[in-house]
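Enquirer: Keeping their order, the protein sequence lines are chains A and B. The numbering used here puts the first sequence at residues 1 to 290. The numbering used here puts the second sequence at residues 1 to 153.
Calculated directly from the structure, the hints in this document are not laboratory data. Hints are not guaranteed to be accurate.
Claimed, not checked - Ranges between beta-carbon positions, derived for each pair: (1) B:Val103 to A:Glu68: 37 to 43 Å; (2) B:Trp71 to A:Asp93: 48 to 54 Å; (3) B:Thr101 to A:Thr112: 49 to 55 Å; (4) B:Leu149 to A:Ser221: 53 to 59 Å; (5) B:Arg121 to A:Glu9: 55 to 61 Å; (6) A:Pro78 to B:Phe152: 55 to 61 Å.
As the list claims (entries may be wrong) - Derived DSS-like pairs (lysine-lysine); straight-line CA-CA distance at most 27 Å: (7) B:Lys47 to B:Lys91; (8) A:Lys224 to B:Lys151; (9) B:Lys25 to A:Lys246; (10) B:Lys47 to A:Lys70.
What the hints assert, rightly or not - Over the 12 Å line for every Cβ pair with chain B, so calculated as not near, a few chain A residues: (11) Arg46; (12) Glu87; (13) Arg106; (14) Val123; (15) Tyr127; (16) Ala225; (17) Arg260.
Even glycine gets a Cβ: it sits at the ideal position worked out from N, Cα and C.
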Amino acid sequence: MLNGLLVEEAMRRQVIHLPHDATLRNCINLLIKFKANALLVVDHARPIGIVSKTDIVGAFYGGLPIEESKLMDIMNGPLLTCFPDDELSVALDLMRENGVHQLFVRGAELNTVVGMLSYLDVVALLYRYCRACPKGAARWSERPDLSDRTQLLVVRDAMKSPAISCRQGDSLAKVIEELTAHRLGALLVEEVQGSAAGVVSKTDIVVAYNHGSDLEVEARSIMKAPVASCDERSLLSDAIRHMFLKDVQRLFVYAEAPSRIVGVLSLSDAAQIRSGSCRACSASRIIAAS
Amino acid sequence: MFARDVMSTRFHTISPEQSIAEAVKMFHIASIEEQKRIFGLMVIDEKEHLVGMLSMYDILLFVQPKHVHVWSEIEDLEAHEMFAELLNRVKSIRVSDIMTTNVVTVKPETHVMVIADLMIRRHIRRLPVVEGENVVGVVYISDVFYHLLDKFL
């Protein structure tokens with residue numbers, strides 16, 4: 001489905017950035033305010049690196065003082081970049097090979113950054129194509145003759161199983177260790193009897209760090225409830241829509257009853273599928289839809 | 001024609017530890033009590049020092065859905081309900097998390113022309129007036145406007 005699509009169609013043109021000697025406090029405040037997962041680090045307007053929520057969580061775990069530490073202490077460089085007219089599929093390969101969730105988009109002039117490409121923005125673009133597509137689930141009621149329901153992907157086809165969880169009484173240090181070990185953005189927080197009580201995400205941990213929490217605080221004190229979830233048999237397109245509307249980056253997936261969580265579907269997993277939300281998808285369909 | 005002559009000495013402030021819900025209420029109260037629309041509040045810590053400014057823009061930016069262009073294509077009525085649910089995420093957020101910290105301030109003896117120039121160049125509609133470490137007033141763009149253009153009234 002990505003055939004012929006370019007980076008510039010999916011990228012976000014707003015790039016938030018800070019100088020390399022800005023404090024972690026500055027950085028966290030911007031990440032919270034813009035709900036961003038990462039920001040660009042510049043040295044006198046020259047882009048030199050990236051700081052992501054993962055790096056901030058690492059700084060918390062490492063005990064870095066939030067007011068005194070600078071972005072240059074934790075940033076990652078050099079930057080991984082692509083160009084606006086690169087094919088989206090090539091950019092996605094680069095992201096997967098390097099295990100990153102975003103790329104900066106370079107301009108024609110030296111040292112210019114014109115945008116940022118993240119998995120989330122790729123899924124958003126695919127989702128908009130799916131909605132416009134006459135074979136997609138969104139148009140199902142209008143054109144039942146064109147739509148073959150068996151071709152529509154369901155959540156089970158794209159989810160990761162099982163969902164990794166922690167206990168309510170686990171410390172933030174433990175939660176961070178689990179997130180890092182499994183390269184996850186969030187953990188399910190289990191109740192004593194095994195059902196889900198809430199979720200702790202990297203965002204929650206970053207906010208806790210900003211509020212001066214220490215690593216011994218219990219997961220339950222910062223978890224979010226209720227858990228955003230969906231049935232494993234739901235249409236993938238419906239699940240993606242829910243994630244965009246609820247502004248969450250993942251849904252926990254249940255089988256049979258909402259208390260039986262069997263997996264997790266993240267927007268980055270959905271981006272990896274690359275085919276929108278239906279098996280019938282092909283480049284020709286995109287042209288027809290647009 | 002100095003800041004001290006045009007500034008309002010009655011102003012509302014908010015503390016960095018307060019929640020966003022409390023900030024929203026404070027905007028409402030301040031607008032009623034000051035009898036003008038208040039779009040920004042000064043954030044003052046326990047030592048009475050100015051630590052930031054919180055504007056309606058800061059709050060709107062934070063509560064806005066990240067994928068707003070997807071929303072614009074969704075005609076379903078459920079969007080309204082979803083937004084209400086989305087507001088849940090502000091619960092753990094404090095004023096200090098989203099306020100603007102690099103605040104431009106003036107002194108009581110700053111000239112009104114200098115203030116007007118600052119407001120024009122930096123697109124600022126309100127400037128805290130600071131003496132030493134303490135806030136003594138605030139100059140709104142409307143104060144400067146009517147002060148300078150008084151002759152036409």
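Enquirer: Range first: 55 to 61 Å. Now tell me if the beta carbons of A:Pro78 and B:Phe152 are that far apart.
Expert: 58 Å, holds
Enquirer: Please confirm whether A:Arg46 is truly not at the interface, meaning its C-beta sits more than 12 Å away from all C-beta atoms of chain B.
Expert: A:Arg46 is indeed farther than 12 Å from all Cβ atoms of chain B, at 21 Å.
Enquirer: Checking a non-interface call: every C-beta of chain B should be farther than 12 Å from the C-beta of A:Tyr127. Is that right?
Expert: 6 Å, violated
Enquirer: Taking the shortest Cβ-to-Cβ distance between A:Val123 and chain B, state whether it exceeds 12 Å.
Expert: 9 Å, violated
Enquirer: Per the stated criterion, does the least C-beta distance between A:Arg106 and chain B lie above 12 Å, as a non-interface residue requires?
Expert: With a cut-off of 12 Å, A:Arg106 remains clear of chain B, as the shortest Cβ separation is near 23 Å.
Enquirer: Take the C-beta atom of B:Trp71 and the C-beta atom of A:Asp93, compute their distance, and say whether it sits inside 48 to 54 Å.
Expert: 30 Å, violated
Enquirer: Is 49 to 55 Å respected by the C-beta to C-beta distance linking B:Thr101 and A:Thr112?
Expert: Since the Cβ atoms of B:Thr101 and A:Thr112 sit about 27 Å apart, the hinted range of 49 to 55 Å is violated.
Enquirer: Is the nearest Cβ of chain B still more than 12 Å from the Cβ of A:Glu87?
Expert: Given a closest Cβ separation of 22 Å, the condition holds.
Enquirer: Would you check the hint for A:Lys224 and B:Lys151, treating anything up to 27 Å between C-alpha atoms as holding?
Expert: The hint is violated at about 58 Å.
Enquirer: For the pair supplied as a hint, B:Lys25 and A:Lys246, is the alpha-carbon distance within the 27 Å limit?
Expert: It holds: about 24 Å lies between the C-alpha atoms, which stays within 27 Å.
Enquirer: Would you assess whether A:Ala225, listed as outside the interface, keeps its beta-carbon beyond 12 Å of every beta-carbon in chain B?
Expert: 9 Å, violated
Enquirer: Range first: 37 to 43 Å. Now tell me if the beta carbons of B:Val103 and A:Glu68 are that far apart.
Expert: 21 Å, violated
Hint check: violations occur at hints 1, 2, 3, 5, 8, 14, 15 and 16; the rest are consistent with the structure.
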